[in-house]
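Top to bottom, those sequences are chains W and S.
Counting with this note's numbering, you get residues 1 to 136 for the letters of the first sequence.
Counting with this note's numbering, you get residues 1 to 136 for the letters of the second sequence.
Hint data in this document are derived by calculation from the structure and do not stem from the laboratory.
Because the structure is a prediction, the values reported are computed rather than measured.
All residues carry an ideal CB built from backbone N, CA and C; glycine is no exception.
Please note that the accuracy of each hint is not assured.
A few chain S positions that, by computed beta-carbon distances, are all more than 12 Å from chain W [claimed, not checked]:
1) ALA19
2) SER39
3) GLY68
4) ASN69
5) ASN84
6) LEU109
To spell it out: a stretch of chain S is covered by chain W in this simulated footprint if at least three of its residues, at any positions, have a beta carbon under 8 Å from a beta carbon of chain W; those stretches are [to be verified]:
7) 3-14
8) 44-56
9) 70-76
10) 128-134
2 protein chains.
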Amino acid sequence: MRDALMLRPVGRVHRSDTASRIEIDAAYADALLGLADYSHIMVLYWFHHNDTPEGRSTLQVYPRGDRGNPLTGVFATHAPVRPNLVALTRCQLLAVDGLTLTVAGLDALDGSPVLDIKGFIPGEPDPDQVRLPRWV
Amino acid sequence: MRDALMLRPVGRVHRSDTASRIEIDAAYADALLGLADYSHIMVLYWFHHNDTPEGRSTLQVYPRGDRGNPLTGVFATHAPVRPNLVALTRCQLLAVDGLTLTVAGLDALDGSPVLDIKGFIPGEPDPDQVRLPRWV
Numbered sequence: 001m002r003d004a005l006m007l008r009p010v011g012r013v014h015r016s017d018t019a020s021r022i023e024i025d026a027a028y029a030d031a032l033l034g035l036a037d038y039s040h041i042m043v044l045y046w047f048h049h050n051d052t053p054e055g056r057s058t059l060q061v062y063p064r065g066d067r068g069n070p071l072t073g074v075f076a077t078h079a080p081v082r083p084n085l086v087a088l089t090r091c092q093l094l095a096v097d098g099l100t101l102t103v104a105g106l107d108a109l110d111g112s113p114v115l116d117i118k119g120f121i122p123g124e125p126d127p128d129q130v131r132l133p134r135w136v
Numbered sequence: 001m002r003d004a005l006m007l008r009p010v011g012r013v014h015r016s017d018t019a020s021r022i023e024i025d026a027a028y029a030d031a032l033l034g035l036a037d038y039s040h041i042m043v044l045y046w047f048h049h050n051d052t053p054e055g056r057s058t059l060q061v062y063p064r065g066d067r068g069n070p071l072t073g074v075f076a077t078h079a080p081v082r083p084n085l086v087a088l089t090r091c092q093l094l095a096v097d098g099l100t101l102t103v104a105g106l107d108a109l110d111g112s113p114v115l116d117i118k119g120f121i122p123g124e125p126d127p128d129q130v131r132l133p134r135w136v
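Using the sequences and the hints, build the whole thing.
Here is the structure:
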């Protein structure tokens with residue numbers, strides 16, 4: 001067993017019908033300086049509902065819960081069960097108001113612990129250089 | 001203080017002059033099934049050299065270490081100091097050979113603990129919808 005590394009949540013997701021908000025803890029207010037200059041951000045959060053021995057020991061899934069898809073290793077999917085329950089989503093940053101980020105396109109459940117925010121910088125490879133599994 | 005969440009490294013980065021390798025721990029071999037179908041992967045790793053009280057409490061930096069850039073919150077940068085030292089890099093997957101992934105474009109230091117691998121699926125927003133800080 002390798003040494004464990006420790007994460008401390010820096011905020012929390014609050015979902016409503018219309019948009020999602022991320023409430024950043026006051027201790028991390030200074031880390032938000034300049035974030036509003038981005039149109040999009042990467043949000044890293046924790047799949048907290050799956051933080052169980054079962055959720056963290058599931059290594060293969062049928063993608064999208066469809067048994068018509070091939071059994072696939074979780075590293076080849078974005079499944080919410082995996083050894084480290086880190087979720088990664090790019091979303092649109094609609095507003096920064098103090099410690100509150102209003103975002104569109106965040107797929108996190110209400111109450112999800114937020115681990116990190118990174119400004120989104122484009123730079124995808126050319127589409128003709130990208131290869132994907134058939135089920136994607 | 002919120003409850004801490006625990007990460008267990010799933011592998012380790014080995015750098016050489018030519019390419020980087022990721023060695024996945026044998027316990028996670030099953031999670032690699034189907035990964036070779038991707039041309040590109042997202043690698044989440046840990047900025048282990050900065051896992052110190054100072055590295056985790058630095059909330060603002062001069063981007064790229066250039067004092068000509070404006071002082072910026074770490075959430076608005078990809079700086080290797082931040083409350084949770086999770087690094088995120090898209091790289092090209094050159095080969096999968098057992099537990100060894102050979103990759104190009106991974107900026108991790110030798111020995112970096114690997115936290116997660118996710119197959120890369122394209123889908124950036126249109127460039128005319130992306131707004132960035134001037135220093136980027």
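| request: Output the numbers, in ascending order, of every earlier hint that fails for this structure. | output: Violated hints (numbers, rising): 2, 4, 5; every other hint is consistent with the structure.
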